[in-house]
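Read in our numbering, the sequence shown has 321 at position 321, and its numbers run on one by one without any break.
The set of hints was computed from the structure by calculation and includes no laboratory data. Glycine residues also receive a C-beta, built at the ideal position from the N, C-alpha and C atoms. Watch out, some of these pointers could steer you wrong.
Derived PhoX-like pairs (lysine-lysine); straight-line CA-CA distance at most 25 Å [what the hints assert, rightly or not]:
hint, residue 1, residue 2
1, LYS593, LYS611
2, LYS174, LYS216
3, LYS252, LYS213
4, LYS181, LYS213
Computed spacing ranges between beta-carbons, pair by pair [to be verified]:
hint, residue 1, residue 2, range
5, GLY329, GLY566, 58 to 64 Å
6, ASP475, HIS298, 35 to 41 Å
7, LEU613, PRO458, 57 to 63 Å
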Amino acid sequence: MTSQVSSPAEQADGAVVGEQRRAAGTKDVRRLDRVIIRFAGDSGDGMQLTGDRFTSETAAFGNDLSTLPNFPAEIRAPAGTLPGVSSFQLHFADHDILTPGDAPNVLVAMNPAALKANIGDLPRGAEIIVNTDEFTKRAMAKVGYDASPLEDGSLDGYSLHPVPLTTLTVEALKDFDLSRKEAERSKNMFALGLLSWMYHRPTEGTEKFLRTKFAKKPDIAAANIAAFRAGWNFGETTEDFAVSYEVAPAAKAFPVGTYRNISGNLALAYGLVAASRQADLPLFLGSYPITPASDILHELSRHKNFGVRTFQAEDEIAGIGAALGAAFGGSLAVTTTSGPGVALKSETIGLAVSLELPLLIVDIQRGGPSTGLPTKTEQADLLQAMYGRNGEAPVPVVAPRTPADCFDAALDAARIALTYRTPVFLLSDGYLANGSEPWRIPEPDELPDLTVRFAQGPNHTLADGTEVFWPYKRDAKTLARPWAIPGTPGLEHRIGGIEKQDGTGNISYDPANHDFMVRTRQAKVDGIEVPDVEVDDPDGANTLVLGWGSTYGPITAAVRRLRAAGEAVAQAHLRHLNPFPKNLGAVLERYDKVVIPEMNLGQLAALVRAKYLVDADSYNQVNGMPFKAEQLATALKEAIDG
């Protein structure tokens, strides 16, 4: 995602600019503490780009923010239909926020389908900006409108702004040598200009972006900039928009540092690159494109200068096979996928468990089963990550909680893989992958030391005094076996999927040895050092809300609402799902009630009940969308009172 960098000083400058614009303007300017905007239109209307640019300028201004891009499930649904609606929601504020927001304050609807698909989410009194040019009889009939909603009174409870966006855009570009169809494509930039005026967003970054994006087509760049400026000027001059709004920078929400807006997939890619540099190992990605993980492949392919090698394989099995081969050869090896791809990779993950080589399996979860809902979010792959292999094949599981946290989670997963010589699952999801938030760029000395020591020579002495190399002789503390680079003289050893003899690595069918090796591999995972789970409980509550992954934002927002209403409720969030933090059992025992919200049918709850014999209550949702804070707050209040 394109981003802008802003420091606290730059944020303060943004506030000064806002004051200057307010002083210079003739219209009423109102200050708000937060706003939720949703851009919606056909998948070809450029709503994701529009939202991205508004987000980037908002980040540059210094607001805290959270976004929710929502893509059509079909690659190209018929134009003007409900399945083809694409939307982008942005929540920005002058204080710390955690979610993209429950309900938009402003909806920009580019056609009747966009209006109908989103009107149910709007609270009464919300502002609706509609492109009236698209509200033809045919377009309205296509989505079931018998009469125009702009005229039948059905929108009387909202603040409606009918704007002929297409006509105004074509008029603004009449001096350009463009066909009408080409000119109409810039209507999203007109809308962006209008919203930028309404909320006093900076404009310089967007104009620079357009010049860069269309550097080889300067006429197109100039046309888009002209449409963008026309939208700004329309807001300034039209009588329909009598008020503009300011949301001050969130100067107190962030520790001092340099920030940028970042999506989860981008943060994860950067985290993988950082891990490879901290380990002083080349990074190898073996991957097959799959929504919503493909952006990681795209991003890593841009960083060959950091020793990154990306391989787009012919299928999921080849992708992980190449990655495991790279791990054998001494690389920090990664494979990226989503749930259906994990199923195909399962045999090779089991091989990695047997070979005891470091390998990162990045699963950007989406709705299932089967190919399911490619563009919708879910966190229903936890049990697959835990148990989705034949035999006893334990794999550590790490889950980031926010888009920015994907960076740290990637480093943590790499630490575990390299230290303990094991494949590691990193469970993100579509909500984190595509969503974005401000991220403080860490200083190099803040990153962990992941340096690896490869085997250099013999490590075992036989009874006759001969020194040999045993590939399965373990570190006493971590139970990790030595990592020997192929071609190192004297370190030749046997490798493969058949069970190995302890120490020598020779093929073994001995029952006692198999029992020992199975238990040893499990003990290695059980012994991984992970931080204790932290509990946020300022009031001595009786109810604990336990979450994992991307539910962090909605859960935390819901807990804040409950506490503001005088309720006592505790919160804990898990990054490490295998092994669990060592203090988790003691934490759970302290509470009369444990509630676990998940975007599945209760997978973490099942694990917690089984391991700790705690009667945890599940609160579940599998509709392809993240939880809403108000929805969770209501459910948690019922649990507290029940």
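For the pair we were handed, LYS181 and LYS213, check the Cα-Cα distance against 25 Å. With a Cα-Cα distance of about 20 Å, the restraint between LYS181 and LYS213 holds, given a limit of 25 Å.
Kindly confirm whether 35 to 41 Å is satisfied by the beta carbon distance between ASP475 and HIS298. 37 Å Cβ-Cβ, so the 35 to 41 Å window holds.
For the pair supplied as a hint, LYS174 and LYS216, confirm whether the alpha-carbon distance does not exceed 25 Å. holds, 22 Å
If you check the beta carbons of GLY329 and GLY566, does the distance land in 58 to 64 Å? Roughly 60 Å apart at Cβ, these two residues keep to the hinted range, so it holds.
25 Å Cα cutoff - pair LYS252, LYS213: violated, 34 Å
Take a look at whether the Cβ-Cβ distance between LEU613 and PRO458 falls inside 57 to 63 Å. violated, 48 Å
Does LYS611 sit within 25 Å of LYS593, going by the straight-line distance between their CA atoms? OK: LYS593 and LYS611 at ~16 Å, within 25 Å.
Hints 3 and 7 from the earlier list are contradicted by this structure; the remaining hints agree with it.
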